[in-house]
Each structure stands twice: as structure tokens, then as C-alpha cells.
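What follows is the residue order along each chain.
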Amino acid sequence: MIRTTPFHARLNELNDQHLFTHWQGTLSPLRYTHAPKHEYFAVRNSVGVFDTSPLYKYAVTGPDAEKLLSGALVRDIRTCRPGQAHYTAWCDDRGYVMHDGVVFRHASDEFLLTAGRPALSWFQELGTGLRVELEDVTENYGMLAVQGPRSRAVLAELMPGAETLGYFDHTPAKVAGTPVVLSRTGYTGDLGFEITVASDDAVAVLDAVLEAGKPHSIRPFGEEALMTLRIEAGLPLVDIEWHDARLTLSDADCVTPKELGLGWMLRGVRDGSRRFVGSEAIRRELVEGTSRWATTGIVVDAGDWDRLYRAADLFPPKSEHPLPYESMILDDDRAEVGYCTSFVYSPVLQRHIGIARVRPDLAAAGTELRLELAVNHHNTTVRIATTPMPFFEPDRKKS
Amino acid sequence: MSNEYDAIVVGGGHNGLTHAAYLAKAGLRTLVLEKNDLVGGAAITEELMPGFSFTTFSYALSLLRPEIIHELDLVKHGFLPLMMPSSFHPTGDGDYLLFGDDHTQNLQEVRRHSPRDADAYERYHRDLDRVCQAIRPLFDNPPPNLWGTDPEDAVDVKWLMDHLGGIDRKTMHDTVRLLTGSAKDWLDDYFEHEAIKGYHASSSIIGSKVGPMSPGSGLVLLFHKMGEHDGHLGSWAFHKGGNGGFTQVLARAAQAYGAEIRLAAPVTSVITQDGRAVGVALEDGTEFRAPVVVSALDPRRTFLELVEPRELPLDLVDNIRRMKFRGVSAKVNFALDGLPVFPALPDTVDHYGGFLNIGPTIEYVEKAFDAAKYGWYSERPFIDAAIQSVVDPDMAPPGKHVMSCFVQYAPYELRGSDWETERDNFGDKAQAVLESHFPGFGDLVLHREVVTPVDIESRTGLTEGNIFAGEFLAPQMYFFRPAPGYSQYATPIDGYYQCGSGTHPGGCVIGSPGKLASQRVLRDLKR
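Residue numbers (our numbering), protein chains in the order written: chain A, 129 to 527; chain B, 5 to 531.
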């Protein structure tokens, strides 16, 4: 039985396309209108809303909640004060990434963890013997992302606290008399917020946001727009950039946090001062330099891209999906040295960009490589260069 | 401060700025002299009321050559073309055509009006795409000099002949039909429905003293189809902050490469010495010296005003004197209190995401043209409108809007009156047309700006208010733009060059003349 989200009743009225994915068994619009790029520009130039309710949500409470999470999460949860949130990940004991998610700390002993894939039993088993309660509250809440340069102005009309809320902070607030949690979080790489609201009140809150956003041309955006936004933001996605280490059949499908570009989460691992599931394997990886891959951004040489297609009497495609993900990356000798995991044409950057995995020695910014693609049914390559991510990071994102 | 430069560009319109950026990038100490207080020429944005930004003249972006974006690193300087997701065409009977980004939905929209035209619509675009593909190399390279004596000219001519020889018979024939025929004849071969033809004919008359039934309108249609946005041919974008936002980006890029821009610096003449250009003089007598002087102005001013025509060959002077400008376009720009309502679509705003094409049928537009033939403006004009604040909310305060209306026909020379007298009457005619499609429109108007062809000329300098710096007529294109034998950006005066829209490939916010001219200058300097 396919699920719908608490916002579905209203958002579906605004959807004239009726194209959905089944995001974890839940209807999730690919697009609301004929033009996903227009939805994309709502986020980059005004304000858009995205229904992120299908994420799993786990309440983690009790005197040992912090202990459980600090022993499970890659990022040090002890540095997350109540009122803050962390983007984090968790690994298996080999140091391979299982999932990522955002953990919101509401009190010293109270957390809400979001996850892209079910993870309750994993945490329950890790919590055996600890004074901690874990509850799947996925159905209890809707989550609405309100993203874009005007998101703050729109939400400040409803919740004055939006004006001063810091990056990755959250606060209790009220919209139309309904209690919500407002967080300065999102998956677009832009200025943005998320509103967590009890499912029964979700439509009322959505209506208030849409009404406040109307003078600002607010519009809902679907997964196609989100995909371009998150790639520009350099944000990885489970089952695209990596697979759950506990479910893969091959280690080639597994990555360590460092390999995934999450090395910045690993403070205290190299010196052994912090322990969590997989940390010992990761420590060895860091000390011995055994990472197989480095994650990097790649940028396609625009002139080369155009020339390749024009020489074949074709128009150079500049669309959302010009290449299948996982195209091979080659060096000058045409040896495989990596692969692209996500690839898209970026309208704000006017270039094709990708998230890629290359041999660590080739990851320095500005390394010139080649990306394999087929033009007119022949394999060929286009010039690319590695570049740091995020590709797009406006000052407003954190200011 | 030294007044010596390597190159001086006269005119800070988008081509002048593009040109200056390329020269500065190549290491030339480059000075841009702009007569107005703001760069951009006809591509400016002005805040006429607090919070309301008007694209006074030029109002959308499409033909800008994609390579310029990258070669000048424009994204770094704020280049941001916003998608215009739809195209809306009231059919005059209360119904409409609404096109968007989904091809199959567009097909259904065509089918709703004419099942027969649905597959014609696909063939039409495919055929037109083939023509665009075939002529793109001509568009993006300087025209060979057919009359040149240099061995390199022969190489260029051979390149052209080889290229033309490689075009298949049908595409070649289609190309010639477009270049020489009328939009109506071309469209009649595909479509039966009058409004579908009307929709496609709208780009065939922009900025030109032709009707869709006139031979030559096919060329104007084709020129506009050459535009692209993010790889989509014939598709348009709205630059963040309007085309004035775009020219500010160009100015920043040029300055980042080291070019200097002086505003309020009107050049009155190019100084020549022994048959070569050595500098320019401003209205106030200030002189600047450089071995390279490039005019980004239109051909009339480039050859007849900035220099002494007596220093030029007679055939060039004759050709420039007879070059057709004949502006027929005006703008009527509105600040609106809210969005207009189209009665058949009362509850949605999605039809306002792009152009609103007010010219239901070819016959309607041709009748609008009739008046212009006899020196008068249209009683019921054609309007190419856009509510730009829908695409870029920063153009107007929250909940308010700005609407740009490009209005045709408005001939530069009126018979028996003048534009100062007719300004408001003309604005009323345009507004009445809008009122007839969007009842209650007048109640929304907070401010109205009427920009006549005379205003275009006096403020931007474009001769007779022609938005392309010389009409798009076959005898004024390619080898012949601006005059036969002078289409390669150099002039008969050593060190004096031209880079404005009056050179190949022509007008619109396209950047090519500026870029191609820079290649010529740098080649001559062996840089």
C-alpha cells in the first residue's frame, strides 16, 4: 500500500503533472509543473517548498541517549547543544557508511534523528543495556522544507524567530497557533529552513506558509529540481553516491566517510580520542592512508562539451539528465581512475557538474581528467577538471 | 592621469562591453567611453518607482552566444539567466495557446486547437532546427570577404563554399525560403490553425518594418530562432535584474580583466592622423589616445558622425547613407498593483511565466503593420509582453509587478504629427489592447512609461530607434552588414574598427559582434 504524506492533500492540488516516485513507499512528486527548472529557480531566486516527510524519524530519549548516539554516529554528538542539529552519518564495524541523516538535539536527553532508510533495529541493538528509548515517530510528523533566498522573509512573517535562527539551529515556534519545530536546515545548499509539525496540523501549517509566500512567488518543488539543487550543493544521496554497507554484496559498493567526502566529521578519530562503531577501522584508514577513493566535484569543459556534440551534428544537451550516473573517469592514457556518481547541468553555473570518486592522488583541485560518454552511439570522452564542493554556496546559506 | 590606452571602445552597450572585456583579457589597456551615466546602451534596468525595476528597452535574453559566458567567466561576475517557463498566446476568441517546457504537453495544446497541426508542429521544429544547425557556423564566424584579394580571403570563401556544399537539399531550400520569403508562406506549409500560425509568426516582425506577410519576415523569424537558453533553441531567459543586470555583469567582467569604463563621456569624433585612427575627442574637448579605436555605435554614427565621411570610400558612404533603420518598435512598461486576470484562466498564474504574445493571428499582425506603411501607428498593436516580476520577484515589491510591453508598430517618423504629441494616445492604444484580453487591467496600473522610437534614439543613440542598429533585411546581413566589403569589423581607416549590432551577425543581446570584432583587432595586432 503506497503511503502519502501529511501534506499530500494540499500539495496534490498544486500538482498538475501527477508524476511521482515511491520514496520509501511514499508518493513523492517528481515535479509539480511542466518545468522543473522553474521550480529549481524558485529555490535559487525566491522561495520553494519541498515535502521531506518520507524521511524516517526516530525519537531517541533517556539518560543514555547521548551515550548511544556518540557511540554510533560519525560526528561527535557531544558537541551538539540543545537547539542545534548535526548532519551526520553512521557506519558498520568495518568503517563503511550505512546511512546519513540529521540529528536534532532538543534536550540533554532528547534527540530526533532522521534517516533515509530504516534504521531502528540497528540503533536498538546498539542501545541494548542502555537507559534509552527509541521510537519510530515517522508517521507522527510532517516535515516541510522552505528553501531559497526569500525563505527567511516569508517565515519571519509567521515566526519572528526565523529572523535570527542560526545555521543548523532549531527552535520551538508556532504557526497559525500550531506548535512546530523550526530548523535552519535543508538539502538545497541555499538559505533555507525546515518545519517539523504534527501530522494532523500539517496542512494548516502548509497553508499558512503558502499564503505568506504568495507575494514572493512561492512554489512547491519536486525531486527533479531537488536533484539539481543537491548536486550543486555537493550533498551526497544514499543509493546514488553510496549504498548501505550492511546491504551490499560487494565492498566495491561501500565507502568510508573519508572516501565519501565526510572526512570533516572525523575529528578525534585519528588520535583515538573518540570511539564509535567503525571508528577503529577508520582510524587505521586515516593513519595508514589506505583510502581507495576521494570524493571530488568535477566540472566539464563547456567548450569541449559543445564541440563534441556539434561535430556530431547534434545540439549539445544541457538538461537535467544528460548522462547516466556512474560514467567512468579516465586519465590521459585512457585508464579508468574513477567514476562519476551524480551528474547534472547546473543552470546557475552554466556548466555540467558532477560528484565523482577518483583515486586519492588525483583529487587535488584543478586536476584535468576525462569523462567517458557516448555521442552518436560511440564512446568518447570530454575534458573535465576536479573542483572542490559545494559547487554553489551563496553567502546567504549560512549568514 | 594618462590619457593613453592600447584601445578605446566608443559606447558601453553590451557589444562594447563584451568587446572591451575580450581586449582587456588579451592584455590590452582598454578604455570604454559611455555617453550615459549607466553602462548598457539599450540593455539597462531602471528603478522608475521605488522598488519597481523597468527594463526600459531590451527585455529578455536568448541569443547571447554560450561560449561568451565561459570565455569571459561571466558566472563569476553574477551572470544568472532565469528560466522563462511558458509562452502564452491569447487566440482572440477568449481561448489561448499555452506552451511550456514539456514537449508532449505542448503537442496536446496544439491538438486541442487542431489535431492536424500536432505532427506538423513536430516537423516544423525539426525542420527549423536543421536550418539553424546549418547556418550556425555562418552566424558564429565572420563573413568571408568575397571581394578580398588576400589569400586568406580565398581560404575563408572556400570554407564557406565547402560548408554550404555539405548542407542537404531540403535544408538548403528551407534556408533560402526563410531568408527570402515571408513568415506566412513558411508557416502556411505546416499549419492550418490561424492562432498557431499567429503564435509562430510573432518573432518574424520584431524590430523590423515588415509584416508577417512581407518577404523578409522569414529571415527575422529565423534570426530569433537562433537564440538559445541552456541548450534549448529559440528559448528565452530573463537575466536576474533584467538586461541591465546582465550589462552590469559584463561591466564587472571587463573591469576584472583590467578595462576602464568612463561614464558620462560622450565621444564626438575619432581623431585621425595620416589616414589612421589615433584617439577620440569628447564633447568637452578631452582627448584620449590609442592606436586602436573601436566604435560600438551603429553604422550611421560609426561612419557618418564619428569620422569625416570624406575620409571614407564613396561606396561605403553611399551604402551607409541608404542603409535602412526605420525603427517601428516602442515600449510601454507598466508597474502593476497585482497580476492581470485572463478570464479563461482565473485561478492560476502559470501562464505569466514567460512571454505574453498579443497578436492572435497573422492577419491581426499584418493589419497592425498596415498603418506603419503609411506613417502611422497601429490602432490595435502587436504586443510582446512579459510580467518580469513573476520570473524574478526582485523586480517589484512583494505582491506587485512590473510588465514590459514591446509594442509594434510605431514608425519613427509619423505623418502629420510627432511622437511627443502622440505619446499618450499610443500608450492608450496599447493599454486598450491589454484591457481587451485582461479585463480590469487598467485598474491595476500604478505607473505607465511610454518609450517611443524617438526616445530610443535620443537615449541610446540607436539611429531612428531601430533596435537592431540596422534592419534585418537580406541586403543588410552577412557579407553586406553593414556594407559590402566592410563586414569584417575593420574599416578603411587604419586602427578604426566597428563592433556594434550593425555588424555581423546583428542585433539582439547576442555579444557576437563584440567578440568577433575583438578577434579581428587582436589578429591585426598579432596578439
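These are calculated hints, taken from the structure and not from any lab test. Glycine included, each C-beta is placed from N, C-alpha and C at the ideal position. Treat the hints with care, since some could be wrong.
[Stated by the list, open to error] Coverage of chain A stretches by chain B, computed from C-beta distances (three or more under 8 Å per stretch; other residues unrestricted): (1) 222 to 232; (2) 335 to 345.
[What the hints assert, rightly or not] Chain B regions said to be covered by chain A (calculated; three or more residues, Cβ under 8 Å): (3) 60 to 74; (4) 105 to 114; (5) 163 to 175; (6) 396 to 408; (7) 456 to 462.
[Claimed, not checked] If you anchor each label on the Cβ, the simulated ranges turn out as follows: (8) D441/A to V353/B: 57 to 67 Å; (9) R127/B to D335/A: 41 to 51 Å; (10) L142/A to P488/B: 54 to 64 Å; (11) W392/A to E287/B: 55 to 65 Å; (12) Q112/B to S527/A: 27 to 37 Å; (13) R127/B to A326/A: 47 to 57 Å; (14) Q145/A to G342/B: 39 to 49 Å; (15) D77/B to R398/A: 49 to 59 Å; (16) L111/B to M129/A: 26 to 36 Å; (17) L111/B to R398/A: 43 to 53 Å.
Which of the listed hints are broken here? Failing hints, ascending: 1, 5, 7, 8, 12, 14, 15 and 17.
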